[in-house]
Amino acid sequence: MNVRSQVSMMFHLDKCIGCHTCSIACKNIWTDRKGAEYQWWNNVETKPGTGYPTKWEDQEIYKGGWEKKGRRIDLKGAGKRKGLVNIFHNPNLPVIDDYYEPFTYKYLDLVESPARSDQPTARPISLITGKPIDIKMGPNWDDDLSGTPDFARKDPNLKALSPAEQEAMFQLERMAFFYLPRICNHCLNPACVASCPSGAIYKRGEDGVVLINQEVCRAWRMCVTACPYKKSYYNWHTGKSEKCILCYPRIESGMAPACMHSCVGRIRYLGVVLYDADRIEYAASVDEEDLIQAQLDMILDPNDPKVIKAAKENGIADSTIRAAQDSPTYKFVKEWGLALPLHAEFRTLPMLFYVPPLLPVMASLSEKDQSGQSEKLDPISKFWDDGWLYDTSTEELWGSIDKARFPLEYMASMFGAGDTEIVKDKLKKLMAVRIHRRRVTVGDIDDKKADQVLADVGLTAKMAEDIYYLTSLAKFDDRFVIPAAHREQAIEMLEFTGDERGSSGFGFKEKPARGL
Amino acid sequence: MEGLLNALNNFLLIGLPYIAIVVFLVGSIHRYRVTKFKFSSLSSQFLEGKKLFWGSVPFHWGMLVLFFGHLSAFLIPRSVLLWNSHPVRLIVIEVSAFIFAIAVLIGLINLFVRRTSNDRIRVVTNKMDIIIEVILILQVITGIWIAYNFRWGSSWFASVLTPYLWSIFKLQPDIAAVSALPWVIRLHIAGAYVIVLLIPFSRLVHFLVPPINYFWRPYQLVYWNWGRKQVRNPGIPWSIKRPKNN
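Note that the protein sequences, when read in sequence, are chains X and C.
For the first sequence, my numbering assigns the number 1 to the initial residue and increments by one for each residue that follows.
For the second sequence, my numbering assigns the number 1001 to the initial residue and increments by one for each residue that follows.
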């Protein structure tokens, strides 16, 4: 047993309101620079949608991640052979138009415009060339299903559905969506690290954060291709790849990363998990249907004396072990079995877990004669003119999941590596917690029925209460259990104190300009 | 007139190579140590990918072949001459080198057109990029000119140029034979020195840092800040010097 620790994330998708506060917090701190304008280390996507960069989930286009070849796995679009053969021109590299051309507006034209009979306008200009452009894309152009024929209908996950099911999803009355906030997954089997010819990308042993050494990066750009989540970005100005650093300077001092700290919906949880590094290769190369289970099996019980002993032998600090025992991520992922990795079939063993959203699934939609309703309403203010009933009743306990207006196959394509059962299991647990809480607060569900529901999904009333607490009431320190780095060992880990003292600490010490 | 030509020959064939080698060595090492961040080529594929293919790929692969061709004539002249002793083999090596030279020229012209015509690429272009590209184009054109008009280069390179180049490295420059060569050949030689000279000042530094290590390193890299088997061991005294990562 080779125990390592990983700062691991959990996002509760039912709570995400799609406000993009996380994206802005990240942008203001890290990517508000030339060459990084288009980069959103944290972004929020509407699902169904094509996402950012467009159709990133379709690895037939981008060739990201690992693929299974016989009993072993190999990088799909990079690696020692493919990467070096294609080093002079990477055929699978997305270009900036796959993201969007960053733009601003000529605001000064509004101020300096001479008096005229028509209003002055601020024309959009490209942040690359400085010339006027027609804006064709933005980082969240498909927010809330806008432009659906161009975006949501082209979602790669829809391949899991039949044409009839797809059609049904986009009927106006049935349309549903949810938000998917994404940051770097800080994977256990990172494809970006494996693809880097220079060896500039590495995983930190202490907390598992994946970083790119900017001094070693030589702009081969293989990581951009290899990351199936497209979370490694090429800075066209400095000629270096950049990625989410999980705000490691904040983590080292025990603070939550900016995106998580600023989260309005409080959907984000961060905690340590201990895992067995000897099982990485096995877990990444099992058959597709076993991938999620193999990944979850790697995560070790932090209260097991054997695990604690092995962790100490591997130099893991007591504070880290204690944090692992209090970890909200561990609770959601292992203890309660509520969270799943995103696109486990990419085989990178992502360490960002998602509680799949129940809300778009839960309600069923049925046709019902509503004529009686209209008479009850004020005829001037409202008129009930459709025949649909949006039914969120909990009468039929599991019925609404099976008849969900949001097809489970779609959810399974994202969170279950194609397996609907594993997603259904999570959704049932979420539903059971709701039924249990309805019994407690409203009291219109009898104890026998509620207990039966909990027993069906393998929860107890105590566990349901804990889930409810950590989901709805959790305070800052419950959501973020982060062991600070040991300052006696390092000030800014992997940096030398002497170098860092007296400088601003971040950014460039020299201009990234080249040549004469 | 005679004296002036002699002085020019001495400068281009003796002075320039020493200047170039010293500047190349000192400049590259200094730049690697001080401005390591910039020690690479600034890839522009992210801004424009399709046209780059028809420039970068023929240029780089052609250039690799030509570079190692010149290098082998320099390092193993006898083997080259032995290979060339059979006319068919001579023609094979000359024709294939010529084809790769044409590929380099086509690639360079495509790259030049792309770099000067595309708005986005112009933003990431500096003066040195243009200078290097023009010099490389001129160098390839003189090379093709020589290969076509003064056959068979692979043989006379090994017998005439190799002794001259070795004399430079042995610090006993002997340019008697070389200074009698046609002016276009001397121009090609001087052009090579200029390119070597410009390496530390341009994007050409990237050829000094090819990712060869990638062949034998493991795919995954995990770095500990401190030797993890030692960090919790009270028996090991604390030291300023960090142990090697495990």
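Just so you know, these hints were derived from the structure itself, not from any lab.
A couple of the hints might just be wrong.
[What the hints assert, rightly or not] Calculated cross-link-like contacts (lysine-lysine; reagent style DSSO-like; alpha-carbon spacing at most 30 angstroms): (1) C/K1229 with X/K309; (2) X/K511 with C/K1170; (3) X/K136 with X/K55; (4) C/K1127 with X/K80; (5) C/K1229 with X/K136; (6) X/K80 with X/K68; (7) X/K106 with C/K1127; (8) C/K1051 with X/K63; (9) C/K1051 with X/K131; (10) X/K462 with X/K15.
[Unchecked claim] If you want the ones that stay clear, here's a sample from chain C, every Cβ over 10 angstroms from chain X, calculated: (11) L1005; (12) F1059; (13) F1068; (14) F1074; (15) L1105; (16) D1119; (17) W1166; (18) I1168; (19) A1190; (20) A1192; (21) V1196; (22) L1221; (23) V1222; (24) Q1230; (25) V1231.
[Said to hold, decoys possible] Simulated coverage check for chain X against chain C, where a stretch passes if three residues somewhere in it have a Cβ under 8 angstroms from a Cβ of chain C: (26) 58 to 65; (27) 80 to 93; (28) 159 to 170.
In this text, a Cβ means the ideal position worked out from N, Cα and C, and glycines have one as well.
Results for each hint:
Restraint check: the Cα-Cα separation between C/K1229 and X/K309 comes to about 13 angstroms, which is no more than 30 angstroms; the hinted pair holds. Restraint check for X/K511 and C/K1170: not satisfied, since their Cα atoms lie roughly 40 angstroms apart, outside the 30 angstroms limit. In summary, the hint linking X/K136 to X/K55 is supported, as the alpha carbons are separated by about 16 angstroms, within the 30 angstroms threshold. Distance hint between C/K1127 and X/K80 is unfulfilled; the C-alpha atoms sit about 34 angstroms from each other, more than 30 angstroms.
Distance hint between C/K1229 and X/K136 is unfulfilled; the C-alpha atoms sit about 54 angstroms from each other, more than 30 angstroms. The suggested pairing of X/K80 with X/K68 holds, with an alpha-carbon distance near 16 angstroms, which does not exceed 30 angstroms. Under the criterion of a C-alpha separation no larger than 30 angstroms, the hint pairing X/K106 with C/K1127 is consistent with the structure, at around 28 angstroms. As the CA atoms of C/K1051 and X/K63 are separated by approximately 21 angstroms, the hinted pair is consistent with the 30 angstroms bound.
Only pairs whose Cα atoms come within 30 angstroms are accepted, and C/K1051 paired with X/K131 is accepted, the gap being roughly 21 angstroms. A hinted pair counts as satisfied when its Cα atoms are at most 30 angstroms apart, and X/K462 with X/K15 qualifies at roughly 22 angstroms. At roughly 31 angstroms, the least C-beta separation between C/L1005 and chain X is larger than 10 angstroms, which holds for a residue marked as non-interface. With a closest Cβ-Cβ approach of about 8 angstroms to chain X, C/F1059 is found to fall inside the 10 angstroms limit, against its non-interface label.
Under the 10 angstroms C-beta cut-off, the non-interface status given to C/F1068 relative to chain X holds; the minimum distance is some 16 angstroms. Remark: the non-interface label on C/F1074 is consistent with the geometry, its nearest Cβ contact in chain X lying 24 angstroms away (cut-off 10 angstroms). Residue placement check: C/L1105 keeps its beta carbon more than 10 angstroms from all beta carbons of chain X (closest about 16 angstroms). Not every CB of chain X lies more than 10 angstroms from the CB of C/D1119, the least distance being 5 angstroms, so the non-interface label is violated.
For C/W1166, the condition that its CB be more than 10 angstroms from all CB atoms of chain X holds, with the nearest at approximately 32 angstroms. For C/I1168, the requirement that its beta carbon stay farther than 10 angstroms from each beta carbon of chain X is met, with the minimum near 27 angstroms. With a cut of 10 angstroms on Cβ distances, C/A1190 stays outside the contact zone with chain X, its closest approach being about 21 angstroms. Separation of C/A1192 from chain X is adequate, the least Cβ-Cβ distance of about 20 angstroms exceeding the 10 angstroms criterion.
Even its closest Cβ contact with chain X, about 17 angstroms, leaves C/V1196 beyond 10 angstroms, as expected for a residue assigned away from the interface. Annotated as non-interface, C/L1221 brings its C-beta within 10 angstroms of a C-beta of chain X; the closest such distance is 4 angstroms. For C/V1222, the requirement that its beta carbon stay farther than 10 angstroms from each beta carbon of chain X is not met, with the minimum near 5 angstroms. With a closest Cβ-Cβ approach of about 7 angstroms to chain X, C/Q1230 is found to fall inside the 10 angstroms limit, against its non-interface label.
At roughly 4 angstroms, the least C-beta separation between C/V1231 and chain X is not larger than 10 angstroms, which violates its mark as non-interface. For the region 58 to 65 of chain X, the assignment as covered by chain C is violated, since 0 residues bring a beta-carbon within under 8 angstroms of that chain's beta-carbons and 3 are needed. By the rule of at least three residues with a Cβ nearer than 8 angstroms to a Cβ of chain C, the coverage given for the region 80 to 93 of chain X holds, with 9 such residues. Counting residues of the region 159 to 170 of chain X whose beta-carbon sits less than 8 angstroms from any beta-carbon of chain C gives 0, not enough to reach three: the coverage restraint is violated.
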